[in-house]
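Peer 1: Protein chains in written order, with this note's numbering: chain A, 1 to 256; chain B, 257 to 542.
Careful: at least some of the hints might be erroneous.
[Unchecked claim] Some chain A residues close to chain B (C-beta under 8 Å, calculated; not the full set):
(1) A79
(2) R82
(3) V104
(4) G111
(5) G178
(6) G179
(7) A186
Hints were generated in silico from the structure; no laboratory data involved.
From the three backbone atoms N, C-alpha and C, an ideal C-beta is built for every residue, glycine too.
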Amino acid sequence: MTPLLSVRNITKRYGPHLGCGDISFDLYPGEVMGIVGESGSGKSTLLNCLATHIPADSGQVIFDTRADGPRDVLRMPEAARRMLSRTDWAFVHQHARDGLRMGVSAGGNIGERLMAVGGRNYGTIRAAAGDWLGRVEISESRIDDRPSTFSGGMQQRLQIARNLVTGPRLIFMDEPTGGLDVSVQARLLDLLRGLVRDMGLSAIVVTHDLAVVRLLAHRLMVMKDGHVVESGLTDQVLDDPQHGYTQLLVSSVLQV
Amino acid sequence: MSDDYNFAYLDEQTKRMIRRAILKALAVPGYQVPFASREMPMPYGWGTGGVQVTAATLTPDDRLKVIDQGADDTTNAVSIRKFFERTAGVEVVTSTSEASIIQTRHRIPEEPLSDDQILVYQVPIPEPLRFLEPRESETRKMHALEEYGLMHVKLYEDIARHGHIATAYAYPVKVEGRYVMDPSPIPKFDNPKMEMAAIQLFGAGREQRIYALPPWTRVVSLDFEDHPFDPSKAEHPCALCGAADSYLDEVITDDQGGRMFVCSDTDYCESRRAAGHRGELAEDAA
Chain A
1 MTPLLSVRNI
11 TKRYGPHLGC
21 GDISFDLYPG
31 EVMGIVGESG
41 SGKSTLLNCL
51 ATHIPADSGQ
61 VIFDTRADGP
71 RDVLRMPEAA
81 RRMLSRTDWA
91 FVHQHARDGL
101 RMGVSAGGNI
111 GERLMAVGGR
121 NYGTIRAAAG
131 DWLGRVEISE
141 SRIDDRPSTF
151 SGGMQQRLQI
161 ARNLVTGPRL
171 IFMDEPTGGL
181 DVSVQARLLD
191 LLRGLVRDMG
201 LSAIVVTHDL
211 AVVRLLAHRL
221 MVMKDGHVVE
231 SGLTDQVLDD
241 PQHGYTQLLV
251 SSVLQV
Chain B
257 MSDDYNFAYL
267 DEQTKRMIRR
277 AILKALAVPG
287 YQVPFASREM
297 PMPYGWGTGG
307 VQVTAATLTP
317 DDRLKVIDQG
327 ADDTTNAVSI
337 RKFFERTAGV
347 EVVTSTSEAS
357 IIQTRHRIPE
367 EPLSDDQILV
377 YQVPIPEPLR
387 FLEPRESETR
397 KMHALEEYGL
407 MHVKLYEDIA
417 RHGHIATAYA
427 YPVKVEGRYV
437 MDPSPIPKFD
447 NPKMEMAAIQ
457 LFGAGREQRI
467 YALPPWTRVV
477 SLDFEDHPFD
487 PSKAEHPCAL
497 CGAADSYLDE
507 VITDDQGGRM
517 FVCSDTDYCE
527 SRRAAGHRGE
537 LAEDAA
């Protein structure tokens, strides 16, 4: 089976400081990979390198494209890369404001990707937007409201709908539940888990919250100081941590 | 004509630089060519871009017409006409057919232009994507990669909010199937006229951009399949000349709700009245 995404020796430096060093892994279709670590461990740097938001210094990110098979996205022409990132890829930002157009209605936000790939029928776009609002548990009557009138949890769900409307195969998530209160977090995780399963999505989830990866991720990478210190099946890593840092991380979680 | 200025105010090197930008703009229709816009002796928003383009295209034999919202006698038109009378000494006219260069703000003349004429537009904001994407670096990239989905988001928002495309002026167009262009704030009624025999030049002084349409360039107004482009106008004939095919201004005549609709193109209206056409409110002496 071809991996959907193969990452090979990704390195990113900020001057003398290492962002992330020499990271390699494979992600197979339908698989969810969690990346955990403390602040400054390089997990967001890695995610942004993979999503080509910042250029990696060296390495390869090979994505199994629908048309041409496995291609290194870092060496694709920019037009093809941007096309990929609005069709087959999705990126969920920690702050919904970064991923939404706050001055545009919810329907327009969801419809943007459809129009970007050539959708020119208002009725079809609007129907798709309404359908997706329902799937992320937002009332269809809010379709013409701006996201600024939405609660934090709703904004985050709207961001997810906006990203998934083109039926992507790979979704990058940067702290998707950060800044939400626990009950809203639980609902969002439930929703994400359902969507990932129903659509057969592959996902890379960056978080510092071990509960999130426990629920969502099949596999786990633990990062510290720009390097992967431990990786494996989620339950295995969390229940039987081998590396000293992972042991610290697992034991730092408060038990209520 | 004042001898204190070089012909048409700008120095020859500046005109040369602007002509180069114009040639490039004509070679790539709809593409916004940056140019080193000069300080002009009038405030930004009064047509500094259009004036520079006009200055660079003027020759001593030209006949210049300047219109503002279709009218030859409004402040902006009068001051620019005076400016070129004084600095270039060219003949100024108000008749559309007699002019060789027409500088315009917010209108295209009703009378079809011919292939020996140049139409110069004053443009306040040349970037059609600006209100949706504030970053210049990003909009340039979007033009380069032909990513114009965002333009339809604006039209989508219009329909969602008003039930129809409510953008009535500065209606975005696609040029030769490539660049999306802001036609300057002309009413969308004028959009279909942009496929014309004359050369059209667009100058934005503050934003330092020039773009152009060569004769008979394909100009398509953006729309949705189920909400097609509609070049609407007020459903009235002109009250003075009776024209049913021209763009109309609504003029409030009293505080009892009285109003009249008149051609915004004053030259068109006057020449029609001179030819004997009469609208319902026309005085016979007029």
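Peer 1: Are the hints correct? Go through all of them and say.
Peer 2: Hint check:
At its closest, the beta carbon of A79(A) sits 5 Å from a beta carbon of chain B; the interface hint therefore holds under the 8 Å criterion. For R82(A), the interface hint holds, since its Cβ comes within 8 Å of a Cβ in chain B; the closest pair sits about 6 Å apart. The criterion of a C-beta within 8 Å of any C-beta in chain B is met by V104(A), whose closest approach is roughly 6 Å, and the hint holds. Annotation: interface hint on G111(A) holds; nearest CB of chain B at approximately 6 Å, less than 8 Å.
Of the supplied interface hints, the one on G178(A) is violated, with its beta-carbon coming no nearer than about 25 Å to a beta-carbon of chain B, more than 8 Å. A cut of 8 Å between beta carbons decides the hint on G179(A): the least distance to chain B is about 24 Å, and the hint is violated. Given the 8 Å rule on beta carbons, the hint for A186(A) is violated: about 32 Å separates it from the nearest Cβ of chain B.
In summary, the numbered hints that this structure violates are 5, 6, 7.
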